[in-house]
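Q: Listed here are the chains, written in short residue letters.
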Amino acid sequence: MKVLYFAWMRERVGHGSEEIETAAATVSDLVGELTAREERYAAAFADLSAVRVAVDQQQADLSTPLAGAREVAFFPPVTGG
Amino acid sequence: MKVLYFAWMRERVGHGSEEIETAAATVSDLVGELTAREERYAAAFADLSAVRVAVDQQQADLSTPLAGAREVAFFPPVTGG
Amino acid sequence: MSVSVQQEDFDIAAEMARLTAGDADIGAVVSFTGLVRGTGGLTAMELEHYPGMTEKALEEIEAEARARWPLSAVRIIHRHGRLATGDNIVLVLTASRHRQAAFEAAEFVMDFLKTKAPFWKKEEGPEGANWVDARDSDDAATERWG
Amino acid sequence: MSVSVQQEDFDIAAEMARLTAGDADIGAVVSFTGLVRGTGGLTAMELEHYPGMTEKALEEIEAEARARWPLSAVRIIHRHGRLATGDNIVLVLTASRHRQAAFEAAEFVMDFLKTKAPFWKKEEGPEGANWVDARDSDDAATERWG
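So the sequence lines, in the order shown, correspond to chains A, Z, V and F. Sequential numbering from 1 applies to the first sequence in my numbering. Sequential numbering from 1001 applies to the second sequence in my numbering. Sequential numbering from 2001 applies to the third sequence in my numbering. Sequential numbering from 3001 applies to the fourth sequence in my numbering.
Next up, chain A with everything else stripped away, as it sits in the complex:
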């Protein structure tokens, strides 16, 4: 599965994209796996209220299932326009 990070989440994690092997059933499970890995992941996900997620480029949330998902992206609330 491809995992993407944008804006300050990208900066905290240290890269914008990675391929991972995971059996996580939901976004929440995936966040748990990632934060358990290394301090920089824990730092990126420290405040979940400031983290937004998209699964296969569709807005999602922590409870969204990951069965069949190819791309998960984490980012802060958007600030375009």
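Derived from the structure by calculation, the hints contain no laboratory data. Remember, it's a predicted structure, so these values are computed and weren't measured experimentally. Glycine residues also receive a C-beta, built at the ideal position from the N, C-alpha and C atoms. Careful, some of the hints might be misleading.
Stated by the list, open to error - Some chain F residues judged to face chain V by a derived CB distance under 10 Å, without partners named: (1) Asp-3023; (2) Ile-3026; (3) Val-3029; (4) Arg-3037; (5) Ala-3095; (6) Glu-3107; (7) Asp-3139; (8) Ala-3141.
Chains Z, V and F: place on chain A using the hints.
A: Positioned in the frame of chain A, the structure of chains Z, V and F alone reads:
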């Protein structure tokens, strides 16, 4: 006093501007004087609900006094933009 | 000069550039452009106005908008004379720090312009030329600003 | 193509001309232009986005606007990359027969774009570079559309 007519009021009266001598105290009095003159004026003022008036280029109404006024304009509701 | 009544067409890009030049606080510019519609076989229109009072009315509309919203700049251009289908009729530009003031002020200016500025349209179509009637919806739009 | 995400600047006059060309029923065009403000000594910003999802989000926003208002045409251009004070960020154009639909749709598109399109601004000022926080007022603006 200068009296101006715009749009279909101008077309009905037959001209867009005239100088008149009047002792009319209010717009209403002036309308009375004009409509008494000739049929084309009566035609222009036939439906007062469709007539708007400005005195010295400020929106006015039938009761507006004409003391000191130099220019009175009659026209239909505006349709700009 | 932020208000113009003119026969010539206007250049929206040039007007926008002039509006925002040298003001680094502008974050939002809203424009409204009114065009001659060809609906119902209309081919052209004649736009009559009241020289002198028109400029005054537009300046009053601008002043009222500036009193209600924090605007960095306003520009109003209204054409008169003979216009063909697709031609520009009116341009309103509002600039502000944030988008809501710019949007609301542009709408406000257009609503008031439609009901307060002395312009009259005579449309030319397949069945001759006719003066356009004022629309009740324009009065209603103006009234919502209280 | 009515949605573009690009580094290059846009030409509002050319975009408007393309939008209204050949459609005689358009009576009203509203534009919104967002600019980089220099407030607080800001000199430049970096605009990051999510390629692929961004285009999809803008297309969804456009489709939603078209479902709600009778629009003749819509155009959305959002820039990304490095932008300096005074540079254009975003352009939204809406065209309709009448002004109210064009105004409301442009506001709607901007409100949704601010809260739904995956863009992130990093501002560079006298005290370094900082990611811009999302504004509660943008969420509130989006919520009013129900």
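Q: Each of the hints needs a verdict: does it hold here or not?
A: Hints and how they fare:
1. Asp-3023: holds (9 Å)
2. Ile-3026: Nearest chain V Cβ about 6 Å off; hint holds.
3. Val-3029: This hint holds: Val-3029/F lies near chain V, its Cβ roughly 4 Å from the closest one there, short of 10 Å.
4. Arg-3037: Check passed: Cβ of Arg-3037/F comes within 4 Å of chain V, closer than 10 Å.
5. Ala-3095: Holds, because the Cβ-Cβ distance from Ala-3095/F to chain V comes to roughly 9 Å (cut-off 10 Å).
6. Glu-3107: holds (5 Å)
7. Asp-3139: violated (14 Å)
8. Ala-3141: At about 7 Å, which falls below the 10 Å cut-off, the nearest Cβ of chain V leaves the hint on Ala-3141/F intact, so it holds.
In summary, the structure is inconsistent with hint 7 from the numbered list given earlier, while agreeing with all the others.
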